[in-house]
Amino acid sequence: MSRFALILVVVVVSVAMANAKCDGLDGADGTSNGQAGASGLAGGPNCNGGKGGKGAPGVGTAGGAGGVGGAGGTGNTNGGAGGSGGNSDVAAGGAGAAGGAAGGAGTGGTGGNGGAGKPGGAPGAGGAGTPAGSAGSPGQTTV
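Residue numbers (mature numbering (1 follows the signal peptide of the UniProt record, and there is no 0)): -20 to -1, 1 to 123.
Take these hints with a grain of salt, some might be off.
As a list, the in silico SDA-like pairs of lysine to any residue whose alpha-carbon atoms are at most 20 Å apart [said to hold, decoys possible]: (1) 98 - 40; (2) 98 - 118; (3) 98 - 41; (4) 98 - 15; (5) 98 - 121; (6) 98 - 13; (7) 98 - 120; (8) 98 - 123; (9) 98 - 69; (10) 98 - 70; (11) 98 - 117; (12) 98 - 39; (13) 98 - 2; (14) 98 - 122.
Just so you know, these hints were derived from the structure itself, not from any lab.
As the structure is a computational prediction, the values presented were derived from the model and not from experiment.
Using the sequences provided together with the hints, build the complete structure.
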């Protein structure tokens, strides 16, 4: 392989990898009892926002709230979905988080669903965009 061809392959692979990594990172899920999920990170230029993390279930306590979806970057990009709330056995379910706002004429992120509990958690709102993201569903109220 000629030196020019080798350089061309390296450049093409580098550009492809850079483009693949520009979406915002997803937020971490809650891990400890009733811990909230982390927010998703915003996307870079022409890249979508990351998803919000899920709230952890609550045992003997309320479920964790979901993390907010990351905003889309500049350009026509989509917002990240909001994280869902964690379920609870004896208390309120965690609230779903809002979806991230779109960049430009992209679609807003979908709101997270509320967690099941006593009562169920509130749904997250859809993120702003063209069109706006749809809202999540409320959590089921358990008996």
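Point to revise | Hints the structure fails to honour | key: 13
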